[in-house]
Amino acid sequence: MAGGDLPPAEEEAAAVKVAPAPAVEEGEDLIEIVEEGSGRLDIVRYVDHVRDLSAGAIATFEGTTRDHFAGRRVVELRYEAYAAMARRRLAGILAEARSRHALRRLAVAHRLGPVPAGEASVFVAASATHRADAMEACRYVIDELKASVPIWKKEVYDDGEVWKENREFLDRHSGDGPAPATAKAGGCCGSKVRVQEEA
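Residue numbers (this note's numbering): 56 to 254.
Calculated directly from the structure, the hints in this document are not laboratory data. Hints are not guaranteed to be accurate.
As the list claims (entries may be wrong) - For lysine-lysine, the following BS3-like pairs were computed, each having C-alpha atoms within a straight-line distance of at most 25 Å: (1) Lys219 to Lys208; (2) Lys219 to Lys201; (3) Lys209 to Lys219.
All chains should be modelled from the sequences, with the hints used to inform the complete structure.
In structure tokens form, the structure reads like this:
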């Protein structure tokens, strides 16, 4: 299409497209922090990256924005990060996963900026000769990411917004033991998330 053929809003959006931050490949590992405006995570790319002829298993984890939390409708999540430090910490986590499990390849990606309900914000893929190593490494990477990578999440509702802290981070850094649950008992995340209400 020639200039001016797009509706004004789409033309403006096309003009301000942000190029994705370069992916970091260390050996057989892929680490990507997807900057705001770069679009959705490329799930197929990450799975293809870990594909290996000697791997008998590929395990994945896809973290998505759900449409509700504690009785409130969630519109989107917004992520911010100290990207350079996040990449370094992710490289450390992948090295730790490799030291614990017999792995072929690893990939991890996290999106920044707004992530609407139903879309992926984080993706982990691991390949190994045997499924147990791939599955356990995948879980290790996402748990460590949530506990130690400098990425912050704001949950946006149709009636307000709050910054969220992951239970994994609080358990590791508070020194006071588990934080009190703020969600109703029996909820999926009541013991994992502490909500910081804004004044």
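The hints, checked one at a time:
| no. | hint | in the structure |
| --- | --- | --- |
| 1 | Lys219 to Lys208 | 6 Å, holds |
| 2 | Lys219 to Lys201 | 11 Å, holds |
| 3 | Lys209 to Lys219 | 6 Å, holds |
Checked against the numbered hints listed earlier, the structure breaks none of them; every hint is satisfied.
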